[in-house]
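Enquirer: Chain by chain, the residues:
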Amino acid sequence: MISLRALLLGSLLLSAPLAGRCAVRVKHILPARLGHMTAQAEGGLTVNFVPLPQGSQIMASDGVGVMNLGKVSYAGNANQGVQIQRHARNFDVATEVGILVGKQGMIGQSVTLKAWLAAPVDPYSVYLGDVQLGGNPVSVDSRLPLGVLTPYQLRVRVPVNAPERKANLQTVISMQVIQN
Amino acid sequence: MQHFFPRVPMQRARAVATMAVLAVIAGISLPAHAQASLSLTPAVIMAKGAFGQSLTQKLTINNQTPNIFHFVMMAEDIEVRNGKRVFLPAGEAPNSIAATAVFTPKEIIAPPNTSASVTVTVTIPAGTKIRAIAAVFQATSGINSTKGSVGLVASMGTLLTFNLSSNVAISADPVQVALPTETTNLAFSQILTNTGTEPVIPKGVVAILGSNNKLAGKAAFEVQRLLPGEKLTYHAQFADQLKPGAYHALCTFQYEGKTETTPVDFTVR
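Chains as they are written, first to last, in the working numbering: chain A, 1 to 180; chain B, 1 to 269.
To be clear, the hints were calculated from the coordinates, so they are not data collected in a lab.
Hints should not be assumed to be uniformly reliable.
A partial selection of chain A residues facing chain B, derived with a Cβ cut-off under 10 Å [claimed, not checked]:
1. ALA39
2. VAL97
3. THR112
4. VAL126
Now the in silico label distances, taken between C-beta atoms and shown as ranges [to be verified]:
5. A:SER125 / B:THR259: 46 to 52 Å
6. A:ASP130 / B:ASP173: 24 to 30 Å
7. A:VAL160 / B:SER189: 43 to 49 Å
8. A:VAL148 / B:PRO112: 24 to 30 Å
Just a few of them, taken from the derived set where beta-carbon distance is under 10 Å, the chain B residues facing chain A [unchecked claim]:
9. GLY49
10. ALA50
11. THR158
Ideal Cβ positions, reconstructed from N, Cα and C, are used throughout, including at glycine.
Please construct the entire structure, taking both the sequences and the accompanying hints into account.
Expert: Shown next, in the form of structure tokens:
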């Protein structure tokens, strides 16, 4: 008569190769599940800073540009294309810049435009559109249309008590575009 | 006498000359930004797969400007909060995909008239709710501003979206119709919300039927990507003129094999 213990041991021994095969099968499935994704890539982006008739001159090629605002002062005259609005405690130096992302004729698609200052410009405040720029990227336009030249007002707010030696503003605005 | 240039038939020579003139004209008429540009390809990568899988892609920046650019590579998660996209630094969101991004190399210098490529590999964390990231070429130089000037520098990023399940759904608000005026076209607008968990790109068309139920015209809605939770207004304009009368329009959006149709009635006077 076969004891229960011997039966159990026998069944374990018989099932061992089967368990091994199962383990092998799992090994085969796992890499397939953790494999690579399929992907479809499309399009391309270009960024242009474009001088506008009502704005400051931009010495530019694509992707970079320099706007000359001149000497920033309460009493001073503004460069061509630069407006000065005087208030009681501060004054604004403003101009317009055109931003063109993508190629003309790309209708219906858009990008997110973020911007920030490369370095602090204390005591000035810099605005692109209505958005104040700081050291961290902020969203300026969440739906900037592709292929359409879009004007933005660049405004520098200067306190009237800003020291004369800081009258020459010098900064770099970084802009980031990502297709929506 | 031996000719330096090979003899060509007169007709062929004329054709070649004409093509050369056309090429010169085309060159002259090219806008400045087409001649010198900083560009990134691709702009978008749409990936499909499953949690735990990885994706490796090549991103190329092409510098056809006279400036030297220095780029640092970085990844950001894109989430939708209150219907709007927000960009989050890698690792800030739970199960961040951006935190898994590995760039090779991590920084590149693009001298004038060259292109440089970076490969990015991301791995989808199990259970992540994130479905999009940006792989950004962050410009750290490229221009030096002088006193009295503001420098402008562009950084560009590739959008990567991930479809990880079949839970794709959108909900559509009622269609709004703006009747034509002397200066504006007949326009349709409809708000769509992505109520699923995956990104979708609904492609919509409006079919305008007359009172006799015959097709009077059609117009396509603009194509926009909808991330999960995102809500956008889709617009379509009908440029032709409709005769005065009552009309029935059907706005139909197709996405991932599904269809969403909304009817609307209007009268042109």
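Enquirer: Tell me the numbers of any earlier hints that the structure contravenes, in ascending order.
Expert: none
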